[in-house]
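Novice: Here is how the chains run, residue by residue.
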Amino acid sequence: MRIDDHPIISFPERETVTFSYEGEEVEARKGETIAAALHNEGVVELRKSGDQKRPRGLFCAIGKCSSCLMTVDGVPNVRTCITLVREDMEVKKQDGFPEISPDAAPLEPDSIATKVADLLVIGGGPAGLKGAITAADAGADVIIVDENPFLGGQLIKQTHKFFGSSDQEAGTRGVEIGEELIERVEEHPKVETMKSSSAVGIYEEAVGIYRNRKQFLKVDAGKTLIATGATEDMITFPNNDLPGVYGAGGIQTLMNVYGVKPGDSVLMVGAGNVGLIVSYQLLQAGVDVEAIVEIAPEVGGYFVHAAKIRRFGVPILTGHKVLEVEGEERVKRVRVAEHDGAGETIQSTEREYEVDIMALAVGLSPSYKLLHHAGSELKFQPKLGGYVPERDERMKTTREDVYVAGDVAGVEEATAAMLEGTIAGADAAIELGIGGKAENELISESRDKLKELRAGPYYEELRKNLKEVQT
Amino acid sequence: MIEKDVVIIGAGSTGLAIAYYLSKHGVRDVTVLEKGYVGSGSTGRCGTGIRAQFADEPTIRMMKRSEENWKKLGEEIGFDFRQTGYLYLLYTEEEIEQYRKMKELQNSLGVPTEILSPAEAEELCNLIDTSEVKAASYNPEDGKAHPFEVTTGFKKYFQEGEVELKEQREVTGIELENGGKCKIVKTTGENYRTEVLVNAAGGWARNVGEMMGLEIPVTPYRHQAIITEPFKPGSIEPMIISMKHEDAYLTQTERGGIIGGAGTPEDEPPTYEMRETLSFEERASKVFSTIIPGLRHARILRHWAGYYAMSPDGNPMLGEYKIPGHYLAAGFSGHGYMMAPSVGEGLAKVIKGGRTDLPIDYYDPDRIDRGELREEAVQMG
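Chains A and B, in that order, are what the protein sequence lines are. So the first sequence is numbered by my numbering: it starts at 1 and just counts up by one. So the second sequence is numbered by my numbering: it starts at 1001 and just counts up by one.
Hints may contain errors.
[Stated by the list, open to error] Label pairs and their computed distance ranges (CB to CB):
hint, chain 1, residue 1, chain 2, residue 2, range
1, A, E25, B, S1279, 41 to 49 Å
2, B, E1266, A, H372, 29 to 37 Å
3, A, N240, B, S1108, 57 to 65 Å
4, B, Y1272, A, E25, 56 to 64 Å
5, A, E400, B, Y1272, 16 to 24 Å
6, B, E1266, A, R399, 25 to 33 Å
7, B, T1172, A, H372, 42 to 50 Å
[Claimed, not checked] Dumping the calculated EDC-like pairs for lysine to aspartate or glutamate here, alpha-carbon to alpha-carbon at most 16 Å:
hint, chain 1, residue 1, chain 2, residue 2
8, B, K1232, A, D141
9, A, K214, B, E1122
10, A, K115, A, E90
11, B, K1134, B, E1097
No lab work stands behind these hints, which were simulated from the structure alone. Beta carbons are placed, not taken as given, at the ideal position from N, Cα and C, and that holds for glycine.
So that you can see chain A by itself, here it is in the shape it has in the complex:
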């Protein structure tokens, strides 16, 4: 179902693309992903899982969780949440582990090309975009890769205005910041952009890139900036894998990027900032928010966000946990109850909600795998979201040629990500012998702003965790 009338976003009319799903013709909009187009048609079960053949649908919508795998043009296990529809594409559901298909087209060209750059940026979100712009402005040749068909990372779905008293981005909507950064990168003569391209490994020799399901490339770069962001967390309860259980960010992507309404009524889990903001955005898209369930005794997000939600009459149930989700092929009902503080259910506090979607806003974990592969030292820091790399004050990891910035360095907000990206891009340029005084100034400016951003009692634990990973 399309969102036609949205208070903030206008979805422009787009050309129609026709593709086949299980032999049936499906009409889609040019520039949307397979998963978004199928959701619009009401198809939420995208495959049956490998082993147990359980129904699976979309969860993260940004290529991180592998829940949405389908067979596309004979190629099995394609992440349909980051693959754009194309005229005459053949999309098939997988029933268990897919067959090895001899029909898949060969990769092209046959030989593996090598590209050379000063800086390779992996991840085109706020951190990566800023890193790329900063290094390119200094004169470095930059390649930026992203698995998604768009740059902008999570900025492009953030319709809310940014907070912060001192930073220049405060008061601007994330989507606007994103658009401006994308334009700068795409028009920059020193930046080559590769979308729909996965960095598959960081080796001594080069970085391997699998591009557009067609080509395998090697990028031999002087420095690499890893800005791969974070992955939405899952919690355990029966049927947590049913189609209709989404990451809150996944829902944001469906609604705000593709203009697809995910369902009619939702139960949100998690009353942190993400849970509160996405609940509000669901209301804006015309979805009934039945309640927000929070396991902690109090709301974790900012007071203003919670107040806004309450004004709409949405109850926030603190001290509650999810008992289970019911449904055969998709979510039909969610059961929740109050717990005693130690996680045990308190009898006769059970509530049932008839909903067709459940959204999980239960935290994010840094997407650290490429850093691990690169050999950068990692440490577990709960307040930063999980495993994060050790880094110096210029965002260089323990591997000389590998930098880090954004959520993968510790889950914070886009403003911090942009500042870290600037620092990393500037220092990479300096170390390459390209940057100089201007870059050093940018670094100290950005460091001051970061310090301001992380000031105050709310961020005390975060600051402690950051100190632990400072080399």
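Given the coordinates of chain A, assemble chain B onto it according to the supplied hints.
Specialist: Frame of chain A, contents of chain B only:
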């Protein structure tokens, strides 16, 4: 100081199998020392294959027994030895001739290898591109076993019995007393005194030897392997080998991933480096998708390296070595995992002072000093 009848260094497949067979023969006062965890060396990094298709009589005899033992061990310890065969793809008349001769020898020793037509090979796996294949050599009794199931199976078996397995215990030094009769084994934990010491340290056998002032000619060469995302199980049952395509081997695990490897470039020097290389991924993906075109878009999920611990002639070094009561079980040159059950059986008997019908003598480690090098056993990957 803890007194032990036998101390074994290394809890890979070799060390574990020797301990198992010693206990079966009544020697139960045994400790196995492992610096990492069971199988953390080359065992857990191996390509999982087990075959009797070799070119020389002793190896075929060892491997025939090994396959019999793998089957029994699987039943007793609780892992699956899947006898899905090894299928060598042959592309030239010379290759067919060579494998026909090997088949005759294998058949004469009770190994039921057959030479198949390309169509028959396709029946075993219809995904193979047989357009250039002229024939195939196939032994249905060859197979594969999951190294983690095997090593953890042994671990559980020992927990319920008398053999002691100590993980996270690195041997830091060995002192010899009484003309070497008595060996003091120092570790990062307890120290042990024993008369019988078995060096089953795989790629690190040389380092253990140095602690006793011995130079053991075993050298680690890095070999890499990959596993892809899972596909429908049963798609590639046999271990498929193509010497034409960089000595590649590949098969499918029970979980569905395609696991395999290809030869190391001849100019790569010996190394303790365990990092994987992008150039290997290039080579492996090229040869895998040439052998099985359907794998062109298969994503590699994991990629790792282990060692082929090479002896000077590419054959194991088995038996008492230089110091009385010091036994070597090393230098398997890429075949340690598959051979472990017969090595365990044979060496346990030798250590007990008994007789074995297995050709353990053929692998006498002193042969290297005597200059009696054996013909290199057929190797791949």
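Novice: Hint by hint, which ones does this structure get wrong, listed from lowest number up?
Specialist: 7, 8, 9 and 10
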